[in-house]
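The listed protein sequences correspond, in order, to chains A and B. With positions in the first sequence counted from 1, the corresponding number in this note's numbering is that position plus 1318. With positions in the second sequence counted from 1, the corresponding number in this note's numbering is that position plus 32.
Hints in this document: simulated from the structure, not taken from any laboratory. It is possible that part of the hints are untrue.
These stretches of chain B come out as covered by chain A in the derived footprint (C-beta under 8 Å, 3 or more residues) [to be verified]: (1) 204–210; (2) 448–456; (3) 704–716; (4) 736–750.
We put the CB at the ideal spot given by N, CA and C, even for glycine.
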Amino acid sequence: MTKFIVNGSSHQADGDPEMPLLWYLRDLAGLTGTKYGCGLGLCGTCTVLVDGRPARACLLAVGELEGRAITTIEGLSADGMHPVQEAWRQLNVAQCGYCQTGQIMQAAALLAKTPDPSDTEIDAAMSGNLCRCGTYPRIRAAIRQAAKGGAK
Amino acid sequence: MNAPIVNTGLMNEIANLSLSRRGFLRGLAAGSFVLATGIRPARAQETKYGAEAMSGGLKDDPRIFLAIADDGTVSLLCHRAEMGQGVRTSWAMVVADELEAELDRVRVLQAPGDEARFGNQNTDGSRSMRHHFQALRRIGAAARQMLEQEAAGRWKVPVAEVRAERHEVVHAASGRRIGFGELARAAALRPVPAADALVFKRPADFRYIGRDGVALVDNLDITTGKAVYGIDARIEGMAYAVIARPPVYGGKVKRFDATRALQVPGVVKVVPIEETPIPSAFQPLGGVAVIADNTYAAIKGRAQLDIEWDDGPNAGYDSAAYRAALEAASRQPGKVVRSNGDVDTALAGAARRVEASYYVPHLAQAPMEPPTATARVTAELCEVWCSVQNPEAIRADLSKRFGLPLENVIVNTLLLGGGFGRKSKPDFASEAAILSRALDGRPVKLTFTREDDLHNGYLHTVSVARLEAGLDAEGRPQAWLHRTVAPTIQSIFVPDAQQAGAFELAMGAVDMPLAIPNVRIENPPAPAHTRIGWFRSVSNIPHAFAIQSFVAELAAAAGRDPKDYLLQLLGPDRVIDPASVSDQWLYGEDPKRYAYDTARLRGVIERVAAEAGWGRSLPQGHGLGIAAHRSFVSYAAVVVEAAVDDEGRLTIPRVDIAFDCGAVINPDRVRAQLEGAVIQGISLATVGEISFKAGRVVQSNFHDYPVTRIDGAPKQIHTHLVTPTGFDAPLGGVGEPGLPPVAPALCNAIFAATGKRIRSLPIRDQLA
Ligand code: FES
Ligand code: FES
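The following block holds chain B by itself, in its conformation from the complex:
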């Protein structure tokens, strides 16, 4: 039947979609789902911001996303990838609340890639809740009103006399009640209410939104091993592959001999993969694939390949030499990307000048689940099962690669075992598809070993920041010169791109909020010699590290308390016009709603200082450090207590983080993201480093690319959510903004504890 809110049979199909119901997508597309017209009021031609500005836009028709079965089970299609941020749970909370459904009767299904149907699906930039909260409320409210109208119609009473309540519609006057399941089929045939006819719940009546302690919808599957991640896809008859990729970016296979690889029992085929010339974007690097009956045989076979590489133009990439080159570049003027006042004159007239240079190395995201994809590609149909943050991107790629219409490319997003930006780049899905095609349509699972993940990644950039300030007699900076030098993410798309993109500069460099009269920010060029990619919080990492360390250095130079000094530099509360600081990005958001509000940064600084007991007396060898940073339109401040013993061993007894992301939808997941951001921030500050020699990544696995373990994690992490401003206020991001202030807060704490200033990450043995 053509019900907008749909029958059980159809929903079972969706449930099984991730394990391939060939043709189901088309069946669905032929139904009424695609007839949805959307319920937002049409907008005239204004500049678009936020979700509206993203590919595929924003959809909020309940018929696309919701189904209610005869037994009342609500099915919600989640079209964003779940990678640990909790989107599946948090979205279900919002819809269930506005729908007046019981959350434990809501089943969350994962939508395949299809932006024409679902709207934008690119799960990055800490946007999923920020962009969809109001749309999810509309979806829930519209469906609730359709159910209420149906019940009122049956009872022949005015719709104003009935209301949905806990999975039923109730007519209080007569005491009648009827379950959602009984109403759903007929309710689905009713028109979807117009946007201005929607009635939302009052926040005081929310049962899930803003409430703590809601259980994760995937808890049982995760704790019993039933959760299906990208690496867990099992498709009938599939083979298993690994690839020997060029160890140097832009390298090629000169010659290879597969004889011995083919002798390994279980090896089925050896397939060369064409290299993509630099810049390779999201396309495969090329190399030689070994396909076998199981992963182990493929790995064993690969070890027997005899390959001679032509390393190409990046064969000389060497991290020590490159760092020296970045430092040299930072001593020369660069492209001016923000200028206020007259920095040169103010520097010349300063009572005192302070300068410092900071270094952050390459980092690998290293999600615990390495990139993996399974594909089945025949002449007519391409199906992929994988853990990608951006399923539509790979869908478009594969459609082009195989000359198939978009609707014949099905990308099923499975759970991501962590993403952190690595899985925004779906090169691995293309590789799997190429290999399946090479086996005439036999499904192939392509796994990155951990070594592959580190050797052939899309790394966080490597950066030098040189800062110089001119202080007046009171120790206040009158001039601020910041040179940021780092290879850009744009280099994977644009040949020889050497300047930062507007988005990279707007992640903490140009949007530096301190009230300093003369500011110049420059961006000297930096060539890329490896694939540069997004890493959780991206350019905010080096920018926050440099700026928040430097402010503490200035405080020390001025003989001031770092927290008081930071607040003084922040200046009077004000909203910063992005144009006034040459911020051309603002995270893609509307300046009217999202301009930098310094009062909110002050708020988190004051809160975290109070909660952490700033100024309390500490044992010998302990110190407190503070740092604050806005990113992804949320505000975060961190106080770290560091302890350094006589041997230079660092421990972290306590971290406090205060956070203002506007309204908090799922407090438990916000706290979890902050806890995780603190630990990932400590990990990159203390031990994280990827380096190159002879064009190759030096590190290969977790022994030489360590990430923080439980015994290196802070003994205590306290998260403090700043009281929300109401649910109609603009939401900020959550997944990333907790991370940037962590490294500078830690290094500031180490300075307080020891007097030693860390300017180069990772800290590793610098305290010994």
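Excised from the complex, chain A in its bound form:
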């Protein structure tokens, strides 16, 4: 049995310790904002924050999360007003939107560490997050906008 925190609430996983956090969140905890895209750490749709750092939920076994604090898209902000979420809406970044929760988590982590990233830093930080709809130009623009908003 492992105990950890998800979005401020305590959880305990008492099933298969090898179960990836992704499936724990989606199937057992009902937090479907974290998406499945590849299961192998290749696409970033499952990105969550673990103790504030971005991680792929499909690669994290629940058995190894003892004491960790997980933030999912549902817990990024109380009301969807995180600057990254706002910038995403202002620029209509989403097409189908499926990858965007992972993109937003990754972008939020980037800005927490690097408040004013260069274009190269943005591409480097976001290159693990696939978007099959091709929203990359707007993702770049939204990160720049959120960075500006955060600075003022």
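Following the hints, position chain B with the ligands against chain A.
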């Protein structure tokens, strides 16, 4: 109450429909919704085109689609699937505008599959706005006039003295105003105005249509993780399944042993699924399903299955050998699908002959949300929650499969996490339904893992195009011979189909618009060894790649500027009679309204060249390439700036795309579709390839089926919308037509940068 524009209670039911209100559909059907008579004038027996020609036809009765609650909230039922093209937002803009509603008081609900009620729901072919714009205007205008009549009646003034304005009806003379919510119940009882009594807003008065910057109706849900995609359905008590499907198309389970799978904690049941013989259409491939308490246990259990397969007739499918066979076929004459003039004589008399062969491999749509469906099937009722582009198709299938009347099959369309054609094929919904039935009605969620998505897909075809031109002394082609060889989508429906369908040929091959006196297009046969399906822009991909690359090759042979040469070949502005080029499809549209207008292609070419600074001086290793293509009755031209360094590494500093789709309803979404099409086009041009060995797909996930990432995307994409011709002109498609010119423009740019001609996709390491 039986109000056509309906009360709050009923609408709350619709809002919850996607999370199963059993019986609600029937409740609704018993109400006045189905009494709607339609407001279009009856048409005599003419040939039908466009929406009218599609199954279920077109409905435009406001009582089917609109409801206004007492508090004024407008509910709009969207009956097309949302897959990122923005249909939910764009449709709401149109209705809100004609209704004079405030867009932020419009709620968009997703209609279940029911073509008898809603009209055609097949979300493909870039048709949703093109077919529905005028119908949506009629819906909004009719409801607005009913509200105006009700207000005028209450105030006892002539209806001509009142007008709807921002969610209210106003009587200017007396200064009275009353909200839509207060009028709705009574207004709903008024007769729906006849089509010829509808008064539309003047385009100058539009507040949303044609305006930039309208926020997506699903923005908040998407950015907070609340948006519900097919994969996110959660039905009380559901189990989770994955399926081990035959790795070779047409294969069967010879023998299997589930002992170890059943020992995996959480695994509930192992269920064999009957194979569908080739051609399997949209039916399941068969295999062995593992059903568990959660997705992970199902995946783990599946890995423990011991299955022996009988690979069947496609066990030898090998992409390298198949390519050689396609190339051999392209050197032989094939079925003539278009012929103008005398190509053989013109070729024989040419000053110079140029030929080239182009190859485009299989591609997987690989939407980020893989195919997934949840079903609950009892003896009396079948309910499905899924992300499908064509809900009515699966509804009809399931009704037949389970012997249930159509009304007892409820297909709830949730958001699609991308479709790109994969989700036109609802095999996964059938699989989920079969498994729920096998569990006596326990709901089952069936997930395709990414590996399943690539291994058991409906792939873009694989193709060889061989082109030959005979140039005169000035370097102008007098003869054009094009052989297109590719397995056809029809092969999933028709046993051993080997010739292209009219629709495939009309996606850029026969409707080739260049003014060349002698043209012959041939289609040698090609057998299919896997499931072939639609992929965003379909056959336009190989046709545009071959033709637009070849034109640039001819320009080089003639020593001409590629843009000037392309315009010269396009010839004088003219409208091409589809019959004159043996185009038997024209995207299903009326030739009187949609025939190929070469002036519009010229328009986008000239525009994109100007915007991209065609001819500007570039750094060493950089080059500009141009390509243009009409598809889905819209016109697109692309200029790519490519840069290739000394190690052969390709970067794309800039892409310009000019686009003419007629009137632009939602500019922001048109631009978004173009941006996405550019990136998807670059992805397939640079890295996309699915290949086969021993009948099996070689690739398994995004490490060996890469798709373009942010660091491979162009640094800049500039979209240029050609000024609309007015809102009554025929609309073109938007979702697909941006894609076909991208790959040839890129390869033409690489040629300009390096002198190396890419004829085989993907480019991958060919520049090294
Ligand atoms: S699902 Fe975790 S990275 Fe793709
Ligand atoms: S918005 Fe569709 S995958 Fe990114």
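Do the hints match the structure? See the list:
1. Beta-carbon proximity to chain A at under 8 Å applies to 0 residues in the segment 204–210 of chain B; the threshold of 3 is not reached and the given coverage is violated.
2. Counting residues of the segment 448–456 of chain B whose beta carbon lies closer than 8 Å to any beta carbon of chain A gives 5, which meets the minimum of three for the stated coverage.
3. Counting residues of the segment 704–716 of chain B whose beta carbon lies closer than 8 Å to any beta carbon of chain A gives 9, which meets the minimum of three for the stated coverage.
4. With a cut-off of 8 Å between beta carbons, the segment 736–750 of chain B has 10 residues touching chain A; three or more are needed, and the interface restraint holds.
Taken one by one, the earlier hints fail for this structure only at number 1.
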